[in-house]
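Could you build all of it, start to finish, from the sequences and the hints given here?
Protein sequence lines, in the order shown, are assigned to chains Y and E. At position 66 of the first sequence the residue is numbered 878 (the numbering used here), and the sequence of numbers has no breaks. At position 47 of the second sequence the residue is numbered 168 (the numbering used here), and the sequence of numbers has no breaks.
Keep in mind that the hints were calculated from the coordinates and are not lab data. Every value quoted in this text rests on a predicted model; they were computed, and no experiment measured them. Every residue, glycine too, gets a C-beta built ideally from N, C-alpha and C. Treat each hint with caution, since some may be false.
Interface residues of chain Y toward chain E, partial, derived using beta-carbon atoms under 10 Å [claimed, not checked]:
1. S918
2. T920
3. S954
4. T957
5. G960
6. T961
7. N962
8. C965
9. S999
Quick list of simulated restraints, FRET-style, between CB atoms [said to hold, decoys possible]:
10. Y:V850 with E:N348: 45 to 55 Å
11. E:G277 with Y:T914: 36 to 46 Å
12. Y:A982 with E:T165: 53 to 63 Å
13. Y:T914 with E:S418: 21 to 31 Å
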Amino acid sequence: MRKRTLAASAATAACGLVLGIAGQAAASTGGVLTVGAVGGTNVNAGDTLTGPINSNFVFTTSSGKITCTTGKFTAADVTNGAVGTSATETISQLHADAANCTTTISGTTAVVSVEINGTANGTVTDGASPTLHVTNLDEKVSLKTILGTNVVCDFGVTGTNEIDGALSNATNGATFTSQAVTKLAGSSLCPTTGAFSGGIGPITDTTQAGQKTFVN
Amino acid sequence: MAFTGLFHRFKHRALAAVAAAAALIAVTASPAAATTGQPSGPYTGMGTCPTSGTALQNPANAIVGCVVATIGGGGFTVGGTKVAFSKPMTVKFGMYWAADGPTVTFPDGTSAALFATATPTDGTELSASPLDVPIPGLSNFWPGVTSAIVLIEPAGPVTAFAPLSAGENYPLFKLPIKLHLLNAFLGLNCYVGSNSSPIVLSPTAGTTSPPPPNQPITGDPGTIAINADPNGYGASVIDFSGATLVDNTLSVPGAHGCGILDSADWIVNSLFGVPSAPGHNTITLTGVSSTIAVDSSISDLTNAINATRK
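Here it is, written out as structure tokens:
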């Protein structure tokens, strides 16, 4: 009986594989991340997840703050465990549109660019308080200064430090609230510490027809 | 008759000189009447900033500024001679940079404008107290005889002033100096370095890359505070405090002008180990505090400074 079940499962999986290769996605479910609905089809490893800024990115320091109103988040799903475990992703873009950014940090006059430097790691945990844990984050910010040229400041988290965003299926997004980051590199004009707040969403799975993503 | 004519010519010249002096006083007094006293608050020490000079008044300037820096201590090692700075030194100058002026870009992406500088109105760019430098091998019981009194004198203007390089592995500025050695046997014109062949200090708050045998050493940018003008002008004031600047890449030329017909040059060279090639010399400037007032408008900067005069 057990052998038959396994055989049936294998056959089903093989069938699904064939269908998947043929472009008809297998409808696996039960993962931490799904598309379309809670309990919907799983986000697959390798899927591209992306979303816009839906709540101003605000980086607050002791000498002023940077505010950005538009931008974009992009990540690639790496794993998507069963409900109750976690999903992981590689974050390759945490971009803000400099034209829609302002700075009040002392000595700076404009925001030149805000881009992720390299990639960061994201881990989604589900449950009562689903959270996106971001580690290894290096956000590179270029600021025009009163001395005519630009300073580049890298802010983020290293080692076991992380910033956490609360995930919501109402917005299909993540909201970060006063998450502590530190200066990783850059000019001595860069503030050494600060707090990041902001939101991204709705996050969609562009590999699966741009469907909204949900955490289960 | 000839004597009388000479007297009249002298009298006319004297009167003309008096008139010219009076006119000069009137001209210099006019702006001072509205701007009496010395700058205070964040602009303290900037009374000699050449804000009305042609360099800072150039309309092509994108950024202009005034700088006052105090060096609290440190010292230098030249060849085998070590000298500590026992008293503070002060550096003052004006700075300017055109929008298409020179810049340097660092590996982290930061770019720094390289400011040109203008000499203060009193001509005193560098103020340093004399140093009493013992002569190697002699017990210094008679300063000036058994030691050399060394005056650190500027040998040209500060160049390539790059405030944004603070913390980068790059010189904050280049300062050409010469050492004026005073000793009973060396005469009044004994120098190490000259205007044409100066000792060029290129201190950094980052890490040096010297040739051997020197090893890299690291400075400290200290703390930085940036404040807006207290009276609402567009100027900003950048304060660097507690910085340590280092340079162990410099070279030091030999002595000249020492003794009768330079006859003692070789003695100075021998005693102090000069000329000294890069890799054998080090200068450390500690307790460096700098105030830089910057603005995109020279008139606004001038007004900002004048508003604090007391």
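We went through each hint and held it up to the structure:
With 10 Å as the threshold, the beta carbon of Y:S918 comes within range of chain E, its nearest partner Cβ sitting at about 4 Å, so the hint holds. The interface hint given for Y:T920 holds, since its Cβ lies 9 Å from the closest Cβ of chain E, which is under the 10 Å cut-off. For Y:S954, the suggested interface contact is upheld, since its CB lies about 6 Å from the closest CB of chain E, less than 10 Å. Nearest Cβ of chain E to the Cβ of Y:T957: about 7 Å, under the 10 Å cut. The hint holds.
Hint on Y:G960 holds. Least Cβ distance to chain E is approximately 4 Å, under the 10 Å limit. Interface hint at Y:T961: satisfied, since its Cβ lies 4 Å from the closest Cβ of chain E, which is below the 10 Å cut-off. Below 10 Å, beta-carbon pairs count as interface contacts, and Y:N962 has one with chain E at about 5 Å; its hint therefore holds. The closest approach between the C-beta of Y:C965 and any C-beta of chain E is roughly 8 Å, which is under the 10 Å cut-off, so the hint is satisfied.
With a cut of 10 Å, the hint placing Y:S999 at the interface with chain E holds, because the nearest CB-to-CB distance is about 5 Å. For the pair Y:V850 and E:N348, the supplied restraint of 45 to 55 Å holds, since their beta-carbon distance comes to about 52 Å. Under the hint 36 to 46 Å, the C-beta atoms of E:G277 and Y:T914, about 42 Å apart, fit the expected range. Our hint of 53 to 63 Å for Y:A982 and E:T165 holds, since their Cβ atoms are close to 57 Å apart.
For the hinted restraint 21 to 31 Å between Y:T914 and E:S418, the CB-CB distance of approximately 22 Å keeps it satisfied.
Violated hints: none; the structure is consistent with every hint.
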